[in-house]
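Protein chains in written order, with the numbering used here: chain E, 1 to 247; chain F, 1 to 569.
Take the hints with a grain of salt, since some may be wrong.
Keeping only pairs whose Cα atoms sit at most 25 Å apart, straight-line, the calculated DSS-like set for lysine-lysine is [as the list claims (entries may be wrong)]:
1) E:178 with E:95
2) E:95 with F:286
3) E:99 with E:121
4) F:98 with E:221
5) F:286 with F:296
6) E:194 with E:221
7) E:233 with F:388
8) E:100 with F:388
9) F:42 with F:462
10) E:121 with E:233
11) F:490 with E:121
12) F:425 with E:221
13) E:95 with E:125
14) E:194 with E:178
15) F:347 with E:99
16) F:388 with E:125
17) E:125 with F:490
18) F:328 with F:375
19) E:233 with F:98
20) F:156 with F:230
21) E:121 with E:95
22) E:194 with E:99
23) F:347 with F:296
24) E:121 with F:388
25) E:125 with E:194
26) F:286 with F:347
27) F:410 with F:347
28) E:58 with E:107
29) F:328 with F:286
30) E:178 with E:100
31) F:425 with F:98
32) E:233 with F:502
33) F:462 with E:95
34) F:163 with F:230
Simulated from the structure, these hints should not be mistaken for laboratory data.
Next come the chains, spelled out residue by residue.
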Amino acid sequence: MIVSYNELTAVVNKAFLGMRRTCGEADIIANMVAGLQMVGLNGIGHFNNAAQFLTAEKDCPVDIFTTNDGGLVVDLHGCSLACHLPVVIDYAIEKMVNKKHLTIELKNCHNRWLAYNELVKLAAKGLACKAQWNNGSSPQNTLYILNQGCVSPELFLSDHLDLAGSALHDMTIQLSVKSFDITGYSAGYTRHIKSSELNRALRDTWHDGILVDDAEWETLKQTATALLVENSKQSLKGAGELAHSLR
Amino acid sequence: MDARPSICGGTYMRDPETVMAPARLGAMHQNRISFVRSLVRKMAQQNWQVTQHDWQLSPQGFGHVIYKLTTLEHVYHLVIFCDEIADEDRNDRVIAEKWDVTFALVYGDVDADLLGCLRANVPLQEAGRNPNKVLVLARANKSVRVFEHLVSHLAKGLQPNVKELAEVGYILRTTAVYGNGKFGISDFGWLESNDDFNQSFSAQMCAVYILREFSLDWIHYIANQQGGDKAVSLDVDLQRYLGIGNATGLGMAPYLINHPCVVDKWLSSRESALTAVLNSLVTGNKREPLQRLLQKALCHLDQIITINEQQQDLNTTAIVELDDLLNKLESVLLQISTWQELVDYSKQYSLETQEILLSCLMEINPDLVDSYETKMNCDESLNLPSGKRIEDLLAVLESRYRWAIDTDFKQPENNYWFWYRSQDKEEPRLGVRGEEPGEDRELPLDIGRQVYRLYHELLICKPNMQLAEFLVLHPQYRAISRRVWTLGNKDMGEIQMNVLHKTALPMHLLRCKLAVFGATKFDPRSERWVRVTFFQGAPLLNEIHDGEWLFPLLPTHSLNQAVAEGETS
């Protein structure tokens, strides 16, 4: 079915608020989901997947360590990246002062696809970004490169997963004041989703509405009902008494 | 202190503490850049055409009607469904499931397939799904008393009793006018590149304006069906006097809290327009128009019938004060040089009177005001820039959020209410903390309390600590920090109201939004919902012009004539 951007962000917002988490910003998470869905990358599915675990995850700040070469190692304690990435990126940008390059290693995190939209925002700050992660549950290597002046990233996927030495719950993000060598880094990946494809999908979606999977949409809407308070005598009186006799 | 340096041409602009005080927002009136006013001006200036495209009603007035709207570049259709419903199904609440009239404003042509789809979905409102070509989805109920009175009189060849019209002021009353992507319809994001409806709420206002024409066509059609040759048309001045009613509940209040940049933009654009007026010199040629408008406002208030005693008292006070101001106006104008001095003089009066004066001053200065009508849209993102420290955010809090940080949230009266969404169509509700269920699912509309908590957490940190570092340790404060930074650096910023306080009146928020839309005749039905009228006194579609129609009045000659005819009937 087709839904609107406003409808999608509103329902994700409610779904996240209903989880009563202290870490994570509902409006930003809603934009993460919508941003991913609008380019055809199943944002709702990724959020629904996250929602199964979010309420059981720890709800605490991340731990950040600085490496000898000035990079950052961030332990998310098994939490969703959606709840913590904006804070980490803010912190990393502060550490970029007088530097040309910074590596952030995110450890023990989930829902890495939801980083898509937050990383897109880096282009407006004049930074290039490269992100990589390996997924275990549906084995896949993913490479995300957003160079300066770009609206959408180049995405590279590979089904070949070298499990030896690969962390399946980590993500590496590199920030740079210079663009990355896309050809060099993408060697060995079997599938390329071009930036131009993503841009076209985004433009078409604004015009035609957002295509969603009916079942995924129903799941999302069901999650959002957790916020609602059951009817009571008092709530039925609610927003005002019945209309008076001016009919 | 009521003024501060502004970016507005080196002149002085009123302070946010004055402008954004809830009680003052709750006294606002329509002005030239209210959405209904800018829409009608645009329709007139660009000569938009509205025609009856399809009229498929039974003799009793049930079926569907389509109006065609032709603008400079595009074609739209307003598709209206009229259904027979039982009296007990006709109510003003969001949880209703049936309405006399449901309608949709559609981009482009409406073929049989699309009409079938709309027929199956538009009457269901929230329970339906609509295509992306729909820009606006809405519904309305009859004022049964006015409807039946008009039809019965016109069918017999008589004009109505004006008192019946004055008491209500409309034939149809909307209870929701949805836009921006609700229930599958088009996002505003798409409309932003459409020259016709790229201003906030302009598509919604246009749909309501055409509905007003339909409400008149509808009663004429049924009167003709019933009266045949005997039937007459409603006096044209009375047609003009009838607008479209609207019943609005608590739902508007969360909108204003959740869209703070929008509120800032609406109020700062109005304030910039007003600043241009207040800093201009008083000239003799403005005296008469101002007197006329103030007199009109006085009569308008006098003609408002409201069941709300508090609003009636406010109106009565304003009538007395406007009379006093009119008596002294000539001599006051001789002693002042700018309109600011007149506004300073008016501070002895109630907020209702002060706000009426502001709308009148804007009205008589279209050359200084009208250009601000296109400055009501905004980027809604809330951002924290890099490089900021705790002391930077504290400075913003201490200069722009005094209303919040000076509130003691340890006191029960400051935490009395909690906001939640009920299962009934997800309608927003207020519950009493500790007494009603739902506190565990409280909505984060408690901006004042969040600000207070942030402030006290910041106070125990080192002032030169980086804000980014603070937020790594306390990520729960990032959302409110983004808001404080963004709104604290805007001209008007936040509505300065603790919505949890025992005496907080959501009505102030409702009225502010409705005034920006361009509503008139505020008639609170309780502390939580209000009836207003749109397009009352506005030109009819066949005579559309961009002249003023502030403070609508019952037409005098029609009044005399209709009273006389009513007496003989």
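To see whether the hints hold, each was checked on the structure:
1. This hinted pair checks out: residue 178 of chain E and residue 95 of chain E have alpha carbons roughly 16 Å apart, not beyond 25 Å.
2. Between residue 95 of chain E and residue 286 of chain F the CA atoms are separated by roughly 60 Å; this puts the pair beyond 25 Å, and the hint is violated.
3. Restraint check for residue 99 of chain E and residue 121 of chain E: satisfied, since their Cα atoms lie roughly 19 Å apart, inside the 25 Å limit.
4. Annotation: proposed proximity of residue 98 of chain F to residue 221 of chain E holds, straight-line Cα distance about 24 Å (limit 25 Å).
5. A threshold of 25 Å between alpha carbons decides the hint, and for residue 286 of chain F with residue 296 of chain F the separation of about 15 Å falls inside it, so the pair holds.
6. With a CA separation close to 31 Å, the supplied pair residue 194 of chain E and residue 221 of chain E exceeds the 25 Å bound.
7. Using a Cα cut-off of 25 Å, the hinted pair residue 233 of chain E and residue 388 of chain F is violated, with the two alpha carbons roughly 49 Å apart.
8. Note on residue 100 of chain E and residue 388 of chain F: the hinted pairing holds, with a Cα-Cα distance of about 20 Å set against a maximum of 25 Å.
9. Of the supplied pair hints, the one linking residue 42 of chain F and residue 462 of chain F is violated, its CA atoms being roughly 54 Å apart against a limit of 25 Å.
10. A threshold of 25 Å between alpha carbons decides the hint, and for residue 121 of chain E with residue 233 of chain E the separation of about 46 Å lies outside it, so the pair is violated.
11. At roughly 22 Å between alpha-carbon atoms, residue 490 of chain F and residue 121 of chain E fall within 25 Å of each other, so this suggested pair holds.
12. Among the hinted pairs, residue 425 of chain F with residue 221 of chain E is consistent with the structure: their alpha-carbon atoms are about 13 Å apart, no more than 25 Å.
13. This hinted pair checks out: residue 95 of chain E and residue 125 of chain E have alpha carbons roughly 14 Å apart, not beyond 25 Å.
14. Between residue 194 of chain E and residue 178 of chain E the alpha-carbon distance is near 20 Å, which keeps this suggested pair within the 25 Å criterion.
15. Pair hint residue 347 of chain F plus residue 99 of chain E does not hold up; C-alpha atoms about 57 Å apart against a cutoff of 25 Å.
16. For the given pair, residue 388 of chain F sits about 16 Å from residue 125 of chain E by alpha-carbon distance, which is consistent with the 25 Å threshold.
17. Taking the CA atoms of residue 125 of chain E and residue 490 of chain F, the gap is near 21 Å; set against the 25 Å cutoff, the hint holds.
18. Of the pairs offered as hints, the one joining residue 328 of chain F and residue 375 of chain F is violated, with about 35 Å between alpha carbons and a cut-off of 25 Å exceeded.
19. At most 25 Å may separate the alpha-carbon atoms for a hinted pair to count; residue 233 of chain E and residue 98 of chain F meet this at roughly 22 Å.
20. Between the alpha carbons of residue 156 of chain F and residue 230 of chain F the distance comes to roughly 6 Å, so the proposed pair stays at or under 25 Å and holds.
21. At most 25 Å may separate the alpha-carbon atoms for a hinted pair to count; residue 121 of chain E and residue 95 of chain E meet this at roughly 17 Å.
22. At most 25 Å may separate the alpha-carbon atoms for a hinted pair to count; residue 194 of chain E and residue 99 of chain E exceed this at roughly 29 Å.
23. Between residue 347 of chain F and residue 296 of chain F the alpha-carbon distance is near 21 Å, which keeps this suggested pair within the 25 Å criterion.
24. Between residue 121 of chain E and residue 388 of chain F the CA atoms are separated by roughly 19 Å; this keeps the pair inside 25 Å, and the hint holds.
25. Distance hint between residue 125 of chain E and residue 194 of chain E is fulfilled; the C-alpha atoms sit about 22 Å from each other, no more than 25 Å.
26. Pair hint residue 286 of chain F plus residue 347 of chain F holds up; C-alpha atoms about 21 Å apart against a cutoff of 25 Å.
27. Note on residue 410 of chain F and residue 347 of chain F: the hinted pairing is violated, with a Cα-Cα distance of about 34 Å set against a maximum of 25 Å.
28. At roughly 14 Å between alpha-carbon atoms, residue 58 of chain E and residue 107 of chain E fall within 25 Å of each other, so this suggested pair holds.
29. With a C-alpha separation of about 15 Å, the suggested pair residue 328 of chain F and residue 286 of chain F falls inside the 25 Å cut-off, and the hint holds.
30. A threshold of 25 Å between alpha carbons decides the hint, and for residue 178 of chain E with residue 100 of chain E the separation of about 8 Å falls inside it, so the pair holds.
31. With a C-alpha separation of about 14 Å, the suggested pairing of residue 425 of chain F with residue 98 of chain F holds against the 25 Å cut-off.
32. Between residue 233 of chain E and residue 502 of chain F, the direct Cα distance comes to roughly 21 Å. Compliance with the 25 Å bound is thereby established for this hinted pair.
33. A threshold of 25 Å between alpha carbons decides the hint, and for residue 462 of chain F with residue 95 of chain E the separation of about 19 Å falls inside it, so the pair holds.
34. The hinted pair formed by residue 163 of chain F and residue 230 of chain F meets the criterion: a straight-line CA distance of about 23 Å does not exceed 25 Å.
Checked against the numbered hints above, the structure violates hints 2, 6, 7, 9, 10, 15, 18, 22, 27; every other hint is satisfied.
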